[in-house]
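**Student:** Protein chains in written order, with the numbering used here: chain U, 1 to 635; chain X, 1 to 113; chain Y, 1 to 164.
Since the hints were derived computationally from the structure, they do not count as laboratory data.
Computed from a prediction, not measured in an experiment: that's the story for all the values here.
Ideal placement from N, C-alpha and C gives every residue a C-beta, glycine not left out.
Any given hint could be a false lead.
As the list claims (entries may be wrong) - If the Cβ cut is set under 10 Å, some of the chain X residues that face chain Y in the computed set are:
#	residue
1	L15
2	I53
3	Y56
4	S92
Unchecked claim - List time: in silico DSS-like cross-link candidates among lysine-lysine, alpha-carbon distance up to 30 Å:
#	chain 1	residue 1	chain 2	residue 2
5	U	K531	U	K366
6	U	K566	U	K156
7	X	K97	Y	K161
8	U	K368	U	K28
9	Y	K26	X	K97
10	X	K97	U	K603
Read off the chains here:
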Amino acid sequence: MQLAWLIPVFPLIAFLILLFFGRLLQEKSAYVGIAALALSFIYSVLALFERVGGETYTYVFEWMTFGETSLTMGYEVTALNAMMLIVVTVVSLLVHVFSREYMHEDHRIHVFYSYLGLFSFSMLGLVLAPNILQLFIFWELVGLCSFLLVGFWYFKPEAASAAKKAFLTTRIGDVGLLIGLVLLFNEVGSFAYADIYAAVENGMVEQPMVTAIALLVFLGAVGKSAQFPLHVWLPDAMEGPTPVSALIHAATMVAAGVYLVGVMYPVFLASETALTVVAYTGAITAFFAATMALVMTDIKRVLAYSTISQLGFMILALGTAGYVAGLFHLMTHAFFKALLFLGAGSVIVAVHHRQDISVMGGLWSKMKITSVTFLIGALAIAGIFPLAGFWSKEEILASALLNGNGFLFGLALVTAFMTAFYMFRLFFKTFTGDYRGAHDDEDEADGHGEDDHHGEPHENTGFMTMPLVVLAVLAVTAGFVNLPFIGYPLEGFLTAGLNLGDQPHGELWLAFLSLAVAAGGILLAWAMYYKGSISEDFFAAKAPAVHKLLLNKYYLDELYTAVFVKPTVAVGRFFWEMDKGIVDGMVNLIGRFTSTSGRTFGKTHNGQLQTYGVVSVLGGIVVIAIAFVLRGYFG
Amino acid sequence: MTVPISYFLVLAAVLFCIGLYGVLTRRHLVIVLASIELMLNSVNINLVAFSAIGPYADITGQVFSLFVITVAAAEAAVGLAILIALYRNRDSIDVIKHDLLGTDKEKSVSTLQ
Amino acid sequence: MTAQEIFFIILALIAVTGALLLVLLKPISHRVVSMAFAFMAISGLYFLLGAEFIGIVQIMVYVGAITILFVFGMMMTEHRTIVFERDPRLSHQAIGLISSVSLLGLLIFGILSMDLPQTEGYVGSAEAIGLELYGYFFVAFIGSAFLLTAALIGAIVVARKEAD
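Start from the sequences, fold in the hints, and give me the full structure.
**Tutor:** Written out as structure tokens, the structure reads:
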């Protein structure tokens with residue numbers, strides 16, 4: 001664990017190498033990134049094994065000192081971040097491998113890999129941080145990297161504006177987080193987690209202040225983890241390359257928000273109000289995002305809303321004292337969401353970079369590996385026994401039931417049903433039936449002939465399928481680390497040494513209920529999209545207003561545009577005009593005045609001795625007059 | 001002495017301002033120099049008046065006026081010498097013509113040749 | 001009205017008239033003559049103030065030497081009625097007049113608002129001046145001697161014709 005600091009350093013080195021030599025390496029830069037992440041992964045595994053058998057390892061050094069307080073930097077291997085290291089490095093490594101194939105046509109592949117390296121470095125640094133200030137620094141780095149990667153195809157206007165949107169929306173949360181940090185430092189006098197936990201548990205911080213801090217910190221998490229009402233950036237972030245979406249959604253960006261809540265959990269536990277807010281935010285987010293996912297036709301957008309929904313589940317779990325449940329779901333979700341996204345990437349490559357599920361279909365026979373792994377991912381997210389999603393979702397439902405109330409539990413249950421439904425809607429529309437994309441394929445019409453990227457979709461090469469298989473295995477098995485039958489080992493690992501209260505566990509009937517709900521969702525999707533016994537437009541026809549509302553994402557984007565963007569732009573334009581008219585005008589006036597007066601008085605500089613004499617005499621008169629006034633001669 | 005000192009001072013001020021006006025506006029160089037002499041004389045009146053009937057009557061004022069006369073004589077001699085040299089070189093006694101310091105260089109150069 | 005006042009008024013009138021004519025007359029020679037009259041009246045004022053030595057020096061230096069110098073200066077340049085072209089600097093003339101007059105107004109205002117005590121006349125003598133010159137002002141006296149020498153030589157050097 002002493003060498004844990006090396007984990008984020010490897011991607012950083014990769015980033016630096018690619019920054020300087022990327023142009024030379026071109027496609028080979030993929031291997032640099034893959035090698036760096038592989039090393040990081042190995043060290044993470046070692047760190048985890050050491051941590052399982054040992055104690056938390058912390059190394060800090062003094063960074064700077066102000067008067068009597070000093071700021072420290074360093075790294076720390078706790079149970080939570082040992083787990084996170086594994087998740088981040090696994091997903092990141094597999095995304096690196098996957099991108100080798102996905103991006104190989106792009107001539108800026110080295111830039112892509114250098115960004116990926118920086119992204120992994122930031123996220124790993126964030127996870128390893130022993131104090132919240134350091135976390136905040138890496139937090140902002142993560143935001144920057146997501147901006148760079150979402151806007152990787154910056155020449156597409158949608159990508160550029162999506163990157164801007166992601167950056168600005170998360171910035172709102174970051175401001176809250178920053179204010180929370182300042183308040184926290186003001187109260188506690190230290191940024192280190194251990195000091196913060198101790199101060200909060202000893203009641204050193206007053207109750208309203210704890211609530212304020214917790215809510216401000218949570219605002220940061222809301223921005224980063226795309227919770228309602230700051231979730232709007234995440235669907236738009238789909239404009240980035242698909243592996244980036246996988247990385248953002250599974251391991252790095254959005255996980256940072258949940259991780260933040262997890263790492264600050266004692267502060268949240270100290271405030272009843274904050275926990276309630278967290279729980280309701282999570283539940284509402286989960287529900288709304290799931291409803292929007294029902295109607296989306298873009299394969300990546302469905303997955304994006306599903307991510308928001310699942311993040312809402314995690315936040316809900318954390319808000320109802322299900323610390324382990326939330327983080328457990330964070331881990332399992334990372335695996336199966338990465339799997340789903342990479343699978344979607346594989347599909348998108350196969351159908352010539354189109355993302356609309358209405359032009360897919362029938363891929364089951366053509367892309368066996370992708371289809372099977374995607375099915376596993378869909379089953380996992382739907383929560384089918386015994387896949388990973390089942391175990392973590394069941395725990396979330398348990399904590400919502402036991403520590404929350406009926407409303408939260410009901411929302412969670414409905415969301416679970418919708419999750420199963422929209423995932424299998426996606427699955428059936430993509431992989432079953434007939435291929436609907438062949439005839440209106442415009443690429444074929446313009447006579448490029450039959451090369452690798454035209455014609456019938458077919459399975460991709462090993463660089464793409466290998467990560468899918470690995471992730472599929474993880475999506476099946478990841479749940480077993482917290483099996484009830486062997487005494488919840490993950491829970492024991494994560495809560496050791498922390499005073500977090502009892503973790504909720506569901507009864508057996510809850511497991512069956514959750515399974516039944518998931519199965520119901522799948523069955524409904526099967527009936528509508530595979531069997532056709534219920535018309536696809538059945539619900540849309542029944543409630544066209546609701547359908548329209550969902551299609552337009554509750555008009556939230558429009559609302560934000562009207563309420564925030566337009567006034568901001570108007571204010572900006574006003575100040576711009578003011579700057580142009582008044583400030584610039586003043587400067588110009590001074591300039592014009594100077595040059596004009598210079599030209600005017602230049603005329604008096606005519607070489608005429610007597611002109612100079614007159615001017616001197618006038619000056620003398622003025623001096624005398626002033627002297628007279630000052631001495632009171634004029635009264 | 002029955003004449004108040006202010007009379008002398010006012011007279012000196014009047015002469016000084018006439019001299020100043022001459023210096024500032026007359027175009028004949030000789031008259032400009034003569035006006036300067038007039039200004040110096042008005043100063044002398046002040047000095048002698050203060051020396052004779054001022055609040056601190058003393059011989060020093062008269063000594064000073066002697067020095068002023070000395071300097072004025074030297075100034076007149078050198079000034080007229082310069083004037084003559086200038087007239088010989090530039091062929092003009094008009095103050096306006098002598099504006100080599102001005103910004104309008106071409107005109108000045110043409111008058112120089 | 002005492003005799004002194006009458007004399008003062010006469011002399012002052014002559015001096016101011018002479019000064020005005022110096023500035024305002026057209027022919028150069030007339031101007032120089034009026035200047036000589038002004039200098040003469042000023043020396044009379046010195047006598048009136050009881051400064052006989054300064055008065056005599058004034059007559060010798062100004063009326064005698066400097067006026068003659070000016071006459072020579074006049075003769076060696078254009079001395080017949082020279083006709084300048086119209087003065088292009090009308091505003092300059094106006095400003096010169098205004099500034100002179102306003103300065104005069106300020107000076108007279110200052111003089112009249114000054115409250116100077118009326119004192120008995122102090123009568124200086126050539127002996128007292130000589131004692132001061134060779135005593136307290138000795139260095140300045142020597143300096144003025146150098147100044148005069150330098151002016152003499154300088155004037156000759158500047159004014160002589162270039163030796164071809």
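**Student:** A separate judgement is required for each hint: does it hold in the structure or not?
**Tutor:** Against the structure, the hints:
| no. | hint | in the structure |
| --- | --- | --- |
| 1 | L15 | 5 Å, holds |
| 2 | I53 | 5 Å, holds |
| 3 | Y56 | 9 Å, holds |
| 4 | S92 | 8 Å, holds |
| 5 | K531(U) with K366(U) | 20 Å, holds |
| 6 | K566(U) with K156(U) | 23 Å, holds |
| 7 | K97(X) with K161(Y) | 22 Å, holds |
| 8 | K368(U) with K28(U) | 29 Å, holds |
| 9 | K26(Y) with K97(X) | 19 Å, holds |
| 10 | K97(X) with K603(U) | 17 Å, holds |
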